[in-house]
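Undergrad: Per my numbering, the sequence shown starts with residue 9, numbered consecutively.
In short, the hints are calculated from the structure, not lab data.
Watch out, some of these pointers could steer you wrong.
Cβ-Cβ distance ranges computed for the label pairs, FRET-style [unchecked claim]:
id, residue 1, residue 2, range
1, Ser39, Glu76, 50 to 60 Å
2, Phe71, Ile47, 18 to 28 Å
3, Trp14, Gly48, 33 to 43 Å
4, Val59, Met36, 56 to 66 Å
5, Met36, Ala11, 33 to 43 Å
6, Leu97, Val46, 51 to 61 Å
Bear in mind the structure is a predicted one, so any value in this text is a computation, not a measurement.
For each residue, glycine too, the CB sits at the ideal point set by N, CA and C.
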Amino acid sequence: MSALDWFGLTLAFLAPLPPERPVPPEPMRGSALAAALVIGSICLVMVLPMVMIWTFHRPEGEFRRHCEARGGLVRPTYLDGSGPQRCDLGSRHPAAS
Numbered sequence: 009m010s011a012l013d014w015f016g017l018t019l020a021f022l023a024p025l026p027p028e029r030p031v032p033p034e035p036m037r038g039s040a041l042a043a044a045l046v047i048g049s050i051c052l053v054m055v056l057p058m059v060m061i062w063t064f065h066r067p068e069g070e071f072r073r074h075c076e077a078r079g080g081l082v083r084p085t086y087l088d089g090s091g092p093q094r095c096d097l098g099s100r101h102p103a104a105s
């Protein structure tokens, strides 16, 4: 370190201390509850439609039961297993084997 660095370091330790921070005032008791209610209701309003969409979306169980009752096999439309499903009636048909 050069002499200039030592001089700056020495002056830094000789500087007066900053004033103490004042004690913050006590928060109002009702504000935390009000904020929690507002944030909770916003979360509920945003999540509830997604849950409703997921529950009313085409249920796979009912589709699978109807397909198997007709003698078919449920197969995905896409090779990776995503996307809509289709009922393949030829796969379980006795004439197909």
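Undergrad: Next step is simple, just say for each hint if it's right about the structure.
TA: To see whether the hints hold, each was checked on the structure:
1. Ser39 / Glu76: 50 to 60 Å: Distance hint for Ser39, Glu76 holds at roughly 58 Å.
2. Phe71 / Ile47: 18 to 28 Å: Once the Cβ atoms are compared, 38 Å apart, the range 18 to 28 Å for Ile47 and Phe71 is violated.
3. Trp14 / Gly48: 33 to 43 Å: violated (58 Å)
4. Val59 / Met36: 56 to 66 Å: violated (34 Å)
5. Met36 / Ala11: 33 to 43 Å: About 56 Å separates the Cβ atoms of Met36 and Ala11, which means 33 to 43 Å is violated.
6. Leu97 / Val46: 51 to 61 Å: holds (54 Å)
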